[in-house]
Every structure is written in C-alpha cells, then in structure tokens.
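If you read the protein sequences in the order shown, they are chains S and L.
Going by the working numbering, the first residue of the first sequence is number 1, and it counts up by one from there.
Going by the working numbering, the first residue of the second sequence is number 1, and it counts up by one from there.
Because the hints were derived from the structure by calculation, they are not lab data.
Certain hints may be false.
Okay, the calculated beta carbon distance ranges per label pair [unchecked claim]:
{"no.": "1", "chain 1": "S", "residue 1": "112", "chain 2": "L", "residue 2": "193", "range": "28 to 38 Å"}
{"no.": "2", "chain 1": "S", "residue 1": "299", "chain 2": "L", "residue 2": "179", "range": "49 to 59 Å"}
{"no.": "3", "chain 1": "S", "residue 1": "2", "chain 2": "L", "residue 2": "134", "range": "22 to 32 Å"}
{"no.": "4", "chain 1": "L", "residue 1": "14", "chain 2": "S", "residue 2": "116", "range": "23 to 33 Å"}
{"no.": "5", "chain 1": "L", "residue 1": "138", "chain 2": "S", "residue 2": "207", "range": "28 to 38 Å"}
{"no.": "6", "chain 1": "S", "residue 1": "294", "chain 2": "L", "residue 2": "179", "range": "52 to 62 Å"}
Computed far set for chain L versus chain S, every beta-carbon distance over 10 Å [unchecked claim]:
{"no.": "7", "residue": "51"}
{"no.": "8", "residue": "55"}
{"no.": "9", "residue": "64"}
{"no.": "10", "residue": "72"}
{"no.": "11", "residue": "88"}
{"no.": "12", "residue": "100"}
{"no.": "13", "residue": "104"}
{"no.": "14", "residue": "151"}
{"no.": "15", "residue": "152"}
{"no.": "16", "residue": "215"}
Some chain L residues close to chain S (C-beta under 8 Å, calculated; not the full set) [stated by the list, open to error]:
{"no.": "17", "residue": "69"}
{"no.": "18", "residue": "83"}
{"no.": "19", "residue": "103"}
{"no.": "20", "residue": "234"}
The beta-carbon is built from N, C-alpha and C at its ideal position, and this holds for glycine as well.
Spelled out from the first residue to the last, the chains are:
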Amino acid sequence: MTQRRIASLALAAGLLLYPLLVSDLNGAAFLQDVGATLLLAAISASAWNIVGGYAGQVSVGHAMFFGAGAYVPLLVFDLWQWPPLVGLPLGIAVAVLLALAVGTPTLRLQGHYFSMATIAVAELIRIVVSNWDLLGASIGIQGPAIARGWWDLTFRSSVPYYYIFLGVLAVLLYATYRMERSRFGYYLRAIRAGERAAASLGVPVRHTKLMALAMSAAFTAVAGSLYAFKLGYVNPEAGLGILVSVQMVITAALGGAGRLTGPLIGAIVLVPLQSATNSWFGGSGTGLTYILYGGIILLLARFEPGGLIVLWQHLRRIGARKPEVAHAA
Amino acid sequence: MLLEAEQVSRSFGGFLALSDASLAVEAGEIVGLIGPNGAGKSTFFNCIAGDLAPSGGRIRFDGVDVTYAAAERHAELGIGRTFQVPATFEELSILDNVMVGAFLRHHRRADAEAKAMEMLRLTGLDRMAGQRAGILGTPGRKRLGIARVLATEPRLLLLDEALAGLTPSEIQQAIELVRRIHATGITIVIVEHIMEVILSLAARVLVFNQGRTIAQGKPQDVVNDPKVIEAYLGHHHKRRRARAPA
Numbered sequence: 001m002t003q004r005r006i007a008s009l010a011l012a013a014g015l016l017l018y019p020l021l022v023s024d025l026n027g028a029a030f031l032q033d034v035g036a037t038l039l040l041a042a043i044s045a046s047a048w049n050i051v052g053g054y055a056g057q058v059s060v061g062h063a064m065f066f067g068a069g070a071y072v073p074l075l076v077f078d079l080w081q082w083p084p085l086v087g088l089p090l091g092i093a094v095a096v097l098l099a100l101a102v103g104t105p106t107l108r109l110q111g112h113y114f115s116m117a118t119i120a121v122a123e124l125i126r127i128v129v130s131n132w133d134l135l136g137a138s139i140g141i142q143g144p145a146i147a148r149g150w151w152d153l154t155f156r157s158s159v160p161y162y163y164i165f166l167g168v169l170a171v172l173l174y175a176t177y178r179m180e181r182s183r184f185g186y187y188l189r190a191i192r193a194g195e196r197a198a199a200s201l202g203v204p205v206r207h208t209k210l211m212a213l214a215m216s217a218a219f220t221a222v223a224g225s226l227y228a229f230k231l232g233y234v235n236p237e238a239g240l241g242i243l244v245s246v247q248m249v250i251t252a253a254l255g256g257a258g259r260l261t262g263p264l265i266g267a268i269v270l271v272p273l274q275s276a277t278n279s280w281f282g283g284s285g286t287g288l289t290y291i292l293y294g295g296i297i298l299l300l301a302r303f304e305p306g307g308l309i310v311l312w313q314h315l316r317r318i319g320a321r322k323p324e325v326a327h328a329a
Numbered sequence: 001m002l003l004e005a006e007q008v009s010r011s012f013g014g015f016l017a018l019s020d021a022s023l024a025v026e027a028g029e030i031v032g033l034i035g036p037n038g039a040g041k042s043t044f045f046n047c048i049a050g051d052l053a054p055s056g057g058r059i060r061f062d063g064v065d066v067t068y069a070a071a072e073r074h075a076e077l078g079i080g081r082t083f084q085v086p087a088t089f090e091e092l093s094i095l096d097n098v099m100v101g102a103f104l105r106h107h108r109r110a111d112a113e114a115k116a117m118e119m120l121r122l123t124g125l126d127r128m129a130g131q132r133a134g135i136l137g138t139p140g141r142k143r144l145g146i147a148r149v150l151a152t153e154p155r156l157l158l159l160d161e162a163l164a165g166l167t168p169s170e171i172q173q174a175i176e177l178v179r180r181i182h183a184t185g186i187t188i189v190i191v192e193h194i195m196e197v198i199l200s201l202a203a204r205v206l207v208f209n210q211g212r213t214i215a216q217g218k219p220q221d222v223v224n225d226p227k228v229i230e231a232y233l234g235h236h237h238k239r240r241r242a243r244a245p246a
C-alpha cells in the first residue's frame, strides 16, 4: 500500500514538473506539446473509463460526446463571438442530453451489440455534421485566432494548456476515486460482473448504467472542449471520427480498464509512441496509428486483457516468487 | 400472508412451462418446491423472484402487487433470491460481493461494510473477506451467494438449489446454515432436488410435474402420494411395486 502511495506521488510530481524539466532540452516546445496531448488523451480515456471500464459497457461512440464538447464552444464563438469558455457548460449539457437519448435504447443491448450501436450512432452524427453548413460542414469551424484576453484561452505555448489539462485530470481522477468507493461505484462493478445477479441484489441496472453514461459523457465533453481551446479548430474527422472513440477505448484498455490510473498509464505509453511514429513518418503516419491500435488490440486480447496494471501485478508476483494464495472454502 | 401467488402461468413461445401454479406462504414458514427436471419449478421460482414476467396470474408480496415488478424492486421490497449457478462477481473481492447487497439498505460505505462482515461471519467466509471471489469453489460460491442476498435484509428468501453439487457433509453444514437463517425470522422458499434436504427443512412442500402443481402438503405425506411417485418414477414402478413380494 505504501509502495503504491510512493509510486502515485512520484507520478504526480513527474507530471507537475514535466514542462519545466524538458524546458531546457532541444525541441522543448514539441515535448511540452506532447505532454499536453498526453494529458488530454488521459482525460478522455478516464472519462470513458467510467462507463466503459467500471460499468463494462464498452462504448465505441464516445466521439459524439467529445464532438459535442468541441463543437459547441467554437460554435458560440463563430455565431456570437462569445469566448469559447462560455460554450463549455453548453457543450456538457448537449453531451448529457445526447447520452440520455442514445443510452436509453442502446443500453438495453448487451456486450458487442451495445458497442456496435454506439459506433452506428456516432458515425451517423459525424455524417450529419459533415453536411451541416452551420457547423462548417466537412471543413469545420474555428475559434478565436488571436486572444482578446486570457478568457479566450488562446495561448501560443502549450504550457498553460498543459497545466489546465493537468488540473482537469486531477479533478476527474479524484471524482472517479470517490465514485469507486461509493455505492454507485460498487453498483457499476456489479453490473459489469453480471447484470442479472446485480438486479437480484437491488441494483437498478438500467438507471445506473444510464447515469454512468451521462457522467462519462459530461467529462468526455470537457475533454472535447479542452481540445477545441487548444487547437482553436475542429472538423468532423478530428472531433467526431471513429478514431477519437477508438483512442479512448485503447488508451484505457492498454493501461487497465476499470482501474483508476489505467487510462493515465495507457496514455503515458501510447501518446509518445504515436507522436514518435507521426514525426518519423510524417504525413503518412495517420495510417500507422491504425496499425498501432490494431497491434495493441491483438496483444491485449491475446496476452493480458487486464492491461498493463494487471501485467505489472503478475510480473511482480513472479518476481517475488509469491504464489497466489488460493484457499477453497 | 407474506407471499400469495395465484394461478401463475408462463409460456415460452407455444410451450406452456407453467400453468396455474398457486402458492401461499405465511411469514416464518419454510416451503419446499420439488419435482422432476423440467417440471416448471424453476420457472415458478423465477416468476416469484421477478426474473420472469408471468404470462398470467397474480403475485402479491405483503399486500403489494409484484406480478410485473422488476427484479430490483423485489429486492427493495424484501424478496431475496440465490441462483442455481451462483453468479458470483468473480473479479470483486468476497467482501465487495456482499457489500453490493448491503448497499441496498446502508448507503454509507462504513455501514455497508459492517453489515457485509456480519453476513460473512454468519456464513463462515469472514476470514477470506479480502480475497478475490473467483478463487472460491462451488460450496464457497453458494455460501457467498447466500451471504450476499442476506445482506439485502430480505424478509422472504428464495433458495434455488442452494445445496446442489455439495458433498454429504457440506450438505449437513448447509442445512445448519439454512436453519440459522430461518431462526433469524426469515421466511424461506426452497427449490431442491435432494429429498433429504426437503424432508429435514420444509414443513410443507409443493410438487410440480409438467408445469402443474400435482400435490401439496407435509413432506412425509407427499412422498407417499401415488401421483408424486408416478411423476418421479413413471407408472412402471407402480406395477412392479404391486407385483413385488411384501
């Protein structure tokens, strides 16, 4: 337990100091940008983790919530020149309403059928948005090019974004930690382990799943908004594409779905890998991302469905030569 | 009456799995449901537990109509059930399995944990509380299933073959456990194949065959009922028995 605490503190300190540590290196701006991207991926994947990990409802359509969070702030700027930040709560509201509307019918589906339904809905939304002139159709919409004040959240450097993202991630992980230990968290894990048994113990299965989806959608929308603040621009592919959803699933699953720090660990491994392939292979790198994701899915499914956290626990057990204690009652 | 089921029927497509089954249970009773495989006792059981909606009939629990209520509503009202295949939450710890049940009436974590530990002591699993539930064998899982449902503080407990697959000595322990649970004032309806269990526990049994209840009464009387013997052993048995020297 104490060892775990030390590891968490070291991780937190590392994340807190990272932009300063790399500031003197060659390509500091690039490394800081990778850091911000990493945190954003960790936020999205942690948000997904609430419903996809803890509740075991593997949504592959979370891009719709991400897109709502990304589009709405830029839309309020585009239409009325409001600061994008004003659009953040609106984006969350749209995502939550979307979650309730989509979740009510689709959460009745089990397993892969739910995943497939979420893909279908997200793709539909992407296609509609791609043809909707108000939202810039396939070209997308833009935020403020030059900051009119700090409240436009338009900075040249990645460092302010890095710390904003870190703050949001801390809040999200703390909320998840509290959830893990609450009745709601227990109910989510029970649902993941077996809906019929959970219901027999008084767990309101459908309601709980819907609440988890709404909560997850709200935080995913925040991630989308943060993305829009940083990039100042969103198009259907970047905001609503299936890769956005898949990245959340892979990141969380790689680290460990249904575990507090799983998505963060997944992001720490995955994002630098992605940035490396992208910068080595230039524009042709996008195709490689798919190959990378496919490879990770294959390895996870074959060797360690529990992700890196479980793999680490196994390795440590082997290292300590401590056999798993197995009593049979 | 704590539980009143009147003329409950259930069909699957064209197959009538259960027709016109009725059962009234007083608070404090232990009632057994027996019958050969496919007799409809599990279907009846699942209708009472809220897992299956009946195609016809009416079920009331303590005056409340629960015929079409969802499974979680049954738990809330005080009907608890175990599963034939224990449906353990394998990835969760043994304590956490029971806490899921305890959270129904105790919303604070500390209270739920205290309640869960109490149930683990009752079922003899307390020393393994922190272990993953997946490591348990069949007897342990059955105990865990009972601990978990008891944590929801039911007034009526439905046991679905809670003792199947146990060795004779484990069965004796399990019978003791059921007696202890009954002594705390919980009414019990038990589905069981093993006659020994029914004879030693239930004061009253209901016998199912081909979707109907064919006999009802004290276990000693019921096992001597020709219709019951026929249901279990077929009519050849009767002839052979008649021919056999006394």
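Review point. Is the hinted range of 22 to 32 Å satisfied by the C-beta distance from residue 2(S) to residue 134(L)?
Key: Check passed, 27 Å falls within 22 to 32 Å.
Check your understanding: Does the Cβ-Cβ separation between residue 299(S) and residue 179(L) fall within 49 to 59 Å?
Key -> holds, 52 Å
Review point. Minimum Cβ distance from residue 103(L) to chain S below 8 Å?
Key: Result: holds, 4 Å to nearest chain S Cβ.
Check your understanding: Quick one: are residue 138(L) and residue 207(S) within 28 to 38 Å, going by C-beta?
Key -> holds, 33 Å
Review point. Residue 55(L) clear of chain S by more than 10 Å, beta carbon to beta carbon?
Key: holds, 20 Å
Review point. Is the nearest Cβ of chain S still more than 10 Å from the Cβ of residue 215(L)?
Key: holds, 29 Å
Exercise for review: Take a quick look at residue 104(L) and tell me if its Cβ sits farther than 10 Å from every Cβ on chain S, holds or violated.
Suggested key: violated, 4 Å
Practice item. Confirm or reject the statement that residue 51(L) sits farther than 10 Å, beta carbon to beta carbon, from all of chain S. Key: violated, 7 Å
**Study point:** residue 14(L) paired with residue 116(S), Cβ distance criterion 23 to 33 Å
**Key:** The hinted range 23 to 33 Å holds for residue 14(L) and residue 116(S), with Cβ atoms some 31 Å apart.
Check your understanding: With d taken as the least Cβ-Cβ distance between residue 64(L) and chain S, does d exceed 10 Å?
Key -> Answer for residue 64(L): holds, closest chain S Cβ roughly 15 Å.
Check your understanding: Can we trust that residue 88(L) is non-interface, i.e. its beta-carbon lies farther than 10 Å from all of chain S?
Key -> The claim breaks: residue 88(L) does not keep its Cβ more than 10 Å from every Cβ of chain S (closest is about 8 Å).
Review point. Looking at residue 100(L) again, its CB stays over 10 Å from all of chain S?
Key: violated, 4 Å
Of the hints listed earlier, those the structure fails to meet are numbers 7, 10, 11, 12, 13, 14, 15, 17, 20, in rising order.
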